[in-house]
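Top to bottom, those sequences are chains H and U.
My numbering numbers the first residue of the first sequence as 1 and each following residue consecutively.
My numbering numbers the first residue of the second sequence as 390 and each following residue consecutively.
If you are wondering where the hints come from, they were derived from the structure by calculation, not from laboratory data.
Computed from a predicted model, the values in this text were never measured in an experiment.
Be aware that a few hints might be false.
Between beta-carbon pairs, the in silico distance windows are [what the hints assert, rightly or not]:
1) Asp401(U) <-> Asp350(H): 23 to 29 angstroms
2) Asp350(H) <-> Ile406(U): 30 to 36 angstroms
3) Asp454(U) <-> Ser341(H): 43 to 49 angstroms
4) Ile406(U) <-> Lys271(H): 17 to 23 angstroms
5) Ser14(H) <-> Ile597(U): 31 to 37 angstroms
6) Lys417(U) <-> Thr366(H): 40 to 46 angstroms
7) Ile597(U) <-> Glu129(H): 28 to 34 angstroms
8) Val636(U) <-> Ser14(H): 47 to 53 angstroms
9) Glu129(H) <-> Lys443(U): 26 to 32 angstroms
10) Phe9(H) <-> Tyr510(U): 49 to 55 angstroms
To give an idea of the chain H side of the interface with chain U (calculated C-beta under 10 angstroms), a few residues [what the hints assert, rightly or not]:
11) Lys3
12) Ser17
13) Glu18
14) Thr26
15) Met50
16) Pro54
17) Glu58
18) Leu59
19) Cys72
20) Gly185
Note that beta-carbon positions come from the ideal geometry of N, C-alpha and C, so glycine has one too.
Each chain is listed here by its residues.
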Amino acid sequence: MPKFQGVDFFNIESLLSEEEILVRNTVREFVDDEVLPIIEKHNRAGTFPMELAPKMGELGLMGATLPEEYGCAGLNNVSYGLMMQELERGDSGVRSFASVQSGLVMYPIFAFGSSKQKDHWLPKLAKAEKIGCFGLTEPDFGSNPGGMITRADEKSDGYILNGAKMWITNGTVADVAVVWAKLNGKVNGFLVEKGTPGFTAPEMKGKHSLRASVTSELIFQDVHIPKENRLPGGEGLRLPLSCLSQARYGIAWGAIGAAMACYDSALNYSKTRIQFGRPIGSFQLTQAKLVHMLTEITKGQLVSLQLGRLKDAGKVRFQQISFAKRNNVFHALEIAREARSILGANGILDEYPVMRHAANLESVLTYEGTHEMHTLILGEDITGVAAFE
Amino acid sequence: MKVAVCINHVPDTETKIKVSSDGVSIDKAGVNFMLSPYDEVAIEEGLKIKEKFKGEVTALSLGGDSHKETLRKALAMGVDKAVLLKDEGVRDSFGVAAGLAAELKSLSPDIILFGKQSIDYDGAQVGTLVAEMLGMPSAAVVVKMDVEDGKVFCEREIEGGHEVVETKLPAAFLAQKGLNEPRYPSLKGIMAAKNKPIEEKPAVAAEIRVETTAMKKPVPKSAGKILGTDKSVVPELIRLLHEEAKVI
Chain H
1 MPKFQGVDFF NIESLLSEEE ILVRNTVREF VDDEVLPIIE KHNRAGTFPM ELAPKMGELG
61 LMGATLPEEY GCAGLNNVSY GLMMQELERG DSGVRSFASV QSGLVMYPIF AFGSSKQKDH
121 WLPKLAKAEK IGCFGLTEPD FGSNPGGMIT RADEKSDGYI LNGAKMWITN GTVADVAVVW
181 AKLNGKVNGF LVEKGTPGFT APEMKGKHSL RASVTSELIF QDVHIPKENR LPGGEGLRLP
241 LSCLSQARYG IAWGAIGAAM ACYDSALNYS KTRIQFGRPI GSFQLTQAKL VHMLTEITKG
301 QLVSLQLGRL KDAGKVRFQQ ISFAKRNNVF HALEIAREAR SILGANGILD EYPVMRHAAN
361 LESVLTYEGT HEMHTLILGE DITGVAAFE
Chain U
390 MKVAVCINHV PDTETKIKVS SDGVSIDKAG VNFMLSPYDE VAIEEGLKIK EKFKGEVTAL
450 SLGGDSHKET LRKALAMGVD KAVLLKDEGV RDSFGVAAGL AAELKSLSPD IILFGKQSID
510 YDGAQVGTLV AEMLGMPSAA VVVKMDVEDG KVFCEREIEG GHEVVETKLP AAFLAQKGLN
570 EPRYPSLKGI MAAKNKPIEE KPAVAAEIRV ETTAMKKPVP KSAGKILGTD KSVVPELIRL
630 LHEEAKVI
C-alpha cells in the first residue's frame with residue numbers, strides 16, 4: 001500500500017500555519033511508523049498497544065494543549081485537532097487513549113484541580129508514566145448523566161464513595177480515575193488512585209468495536225477518599241460536561257482521520273482491482289462512491305478547522321462542537337461502510353483497515369454523546385425548546 | 390563543539406514525478422516536499438554530538454523560501470540555529486557547495502554533517518565538494534561515528550563491508566542510513582522552534598558548471614509474457630531468461 005499522502009482537495013493546507021503542518025506531519029509519521037505496523041495484531045487480540053504509551057508521551061501527545069509548566073506542549077486547538085485526526089487514521093482506540101488522557105483526565109485536573117493535584121499528576125500524565133481514566137457514565141445513566149447514583153458521603157477525614165461506572169476507557173490500566181459522584185446531591189469530581197481499598201476496575205470483554213482499547217467497569221464499595229483528592233474547582237454537572245466538550249472536539253477531528261484512511265484504502269484498491277478487464281475505479285458506481293467520500297471528508301475538514309479557529313479564539317459554543325462531532329462521525333461511518341463495499345470481500349479482512357474503522361466508528365457514533373443527543377442539542381439551540389427535559 | 394548540518398528540501402519519496410513543460414525541471418504542483426532522509430540522519434548525529442559535548446548545532450539550507458519548512462523541522466528536532474542561504478534559482482552541485490562553503494567558512498564549525506546525498510538529484514557531491522573547498526578532510530557514507538579528543542573514528546559502508554577510518558577535526562561527514570535512528574520532532578520541540586528565528590541571507594553567486602538540458606522519464610515497462618501455466622513451459626522459460634532477458 002502506498003504511503004498516505006493526505007486528503008486535501010480544497011488546499012486546506014494553505015489555511016494552516018507552519019507549525020500546524022509540522023505537528024500533523026510528525027504525528028502522521030509516528031502513526032505510519034509505530035501504529036499501523038502493530039494495530040491489526042492488537043485489534044485481533046483485543047489489546048491496547050501499551051508499548052505506544054511512553055512513545056506517545058515522549059512525543060508530547062498527552063495533554064498537548066496544556067501549558068509547558070506541566071511538561072506539555074502548549075499547542076493551539078487546530079494543531080491538537082490535526083494530531084487527533086492522524087491518530088485516528090491509525091485507530092480510534094489509539095485516539096481514544098490520547099483523548100481520554102488529555103481531555104478527560106489532564107483537562108479536569110488542570111481546570112478544577114488544586115495546585116498540589118496539578119503539580120503531582122500533570123507532569124506524570126504528560127509523559128504517560130501514569131495513565132488516567134474518566135468515570136462519568138453508569139450502567140443505567142448514559143445520555144442522562146445527571147441521574148447518576150454513584151455518591152460520596154462526607155466523613156471527618158474525607159469521603160466514602162459507593163457506586164459503579166461503566167464503559168470507561170483505560171479503566172483497568174489507569175493509575176488514577178477522575179470519578180464523578182454526587183456529594184450532598186451535587187456532582188463533584190474525585191481522584192481515585194489505583195489500589196485504593198474497595199476500588200476495582202474489571203475489563204469488559206467481548207467487544208466487536210474499539211478492540212485495541214481497554215474498556216472497563218469501575219466499582220466502588222465503601223472506598224475511602226482523602227479530603228485532598230476532591231477536585232476543589234467547583235461542582236455541578238457543568239464540570240464533567242466541559243471535559244466532554246474537550247474530548248468531543250478531538251473526536252470531530254479524529255473521525256475525519258478514520259474516514260481518510262478508509263477513502264485512501266478504497267481509492268487505491270479501486271485503481272488496482274480489475275473486473276471485466278478494467279480497474280473497478282473506472283466504473284461509474286465506484287466513482288460515485290469515491291466522490292461522495294471525498295466530498296464529505298472535505299466538508300468535515302472545513303467544519304473542524306473553523307471549529308478549531310473558534311476554539312482558539314475562545315469563541316466556540318458547545319453546540320458547535322456537537323454539530324462537528326455529529327456530522328463528522330456520522331459521515332465517517334458512512335464512508336467506512338462505503339469503502340468496505342468498494343473492497344468487496346477483501347474489505348472484511350484485516351489486511352485492509354476499513355472494517356476495523358467501520359467497527360470502531362459504530363462506537364464513536366454513540367460515545368461522547370450519541371448522534372441522537374447531539375441532534376437534540378442542536379434542535380434545542382435552533383428552536384429554543386429542549387426535547388429531552 | 391560547534392556543529393553545522395547542511396540539509397535539503399526534496400520531493401517526498403512517494404511523489405510521482407512529472408516533467409515540467411520546459412523539459413528541464415520537475416512540475417512542483419501538488420508535490421509534497423520533505424527533509425531529505427539522509428539529512429535527517431545527519432541532524433540526529435549533530436544533536437547526539439551536542440548532547441555529548443555541549444555546544445551548538447546550526448542547520449543550513451541553500452534554496453528558495455520553501456526550504457524554511459525543512460529548516461523549521463530541523464529546529465523542532467532540536468537544532469539551535471537555522472540559516473537559509475536564499476536562491477530561488479537553479480544551481481548544480483558545485484553551485485550549491487560554493488554557496489554553503491562561503492557561509493561555513495565564516496561559521497567555522499568543528500564538524501560539518503551532510504546526508505550522503507539528497508534524494509532528488511542524487512548527485513552525492515555537495516558534502517565532499519564543500520570539504521574540498523574548505524580544505525578539510527571528509528568521510529562519506531558514514532555508518533558509525535565516534536568523536537574523541539579532536540579526532541573522529543568512523544566506519545564507512547563500502548561494497549561488501551565496512552572501512553574504518555580516522556581523521557582530525559575540523560572535518561566533514563556524509564551520513565548513511567543506519568548511522569542512527571532519527572528522532573521525531575516532539576510537539577514541545579515544534580512549539581519551541583516557533584521562537585527560534587531562521588536567519589536569511591542571499592547565497593553567494595556561483596558559476597554553473599553543469600547545466601540540465603533535458604529530463605527524461607524511464608521507458609515504461611512493457612507488458613509481461615505468460616508462457617503457460619504448467620511445468621511443460623519451464624525449459625522455454627529458462628531459455629528466455631538466459632537468452633532474451635539475460636538474467637541467468
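Do the hints match the structure? See the list:
no., hint, in the structure
1, Asp401(U) <-> Asp350(H): 23 to 29 angstroms, "holds (27 angstroms)"
2, Asp350(H) <-> Ile406(U): 30 to 36 angstroms, "holds (33 angstroms)"
3, Asp454(U) <-> Ser341(H): 43 to 49 angstroms, "holds (44 angstroms)"
4, Ile406(U) <-> Lys271(H): 17 to 23 angstroms, "holds (18 angstroms)"
5, Ser14(H) <-> Ile597(U): 31 to 37 angstroms, "holds (33 angstroms)"
6, Lys417(U) <-> Thr366(H): 40 to 46 angstroms, "holds (45 angstroms)"
7, Ile597(U) <-> Glu129(H): 28 to 34 angstroms, "violated (55 angstroms)"
8, Val636(U) <-> Ser14(H): 47 to 53 angstroms, "holds (48 angstroms)"
9, Glu129(H) <-> Lys443(U): 26 to 32 angstroms, "holds (28 angstroms)"
10, Phe9(H) <-> Tyr510(U): 49 to 55 angstroms, "violated (31 angstroms)"
11, Lys3, "holds (5 angstroms)"
12, Ser17, "holds (9 angstroms)"
13, Glu18, "holds (6 angstroms)"
14, Thr26, "holds (5 angstroms)"
15, Met50, "violated (19 angstroms)"
16, Pro54, "violated (13 angstroms)"
17, Glu58, "holds (7 angstroms)"
18, Leu59, "holds (5 angstroms)"
19, Cys72, "holds (8 angstroms)"
20, Gly185, "violated (41 angstroms)"
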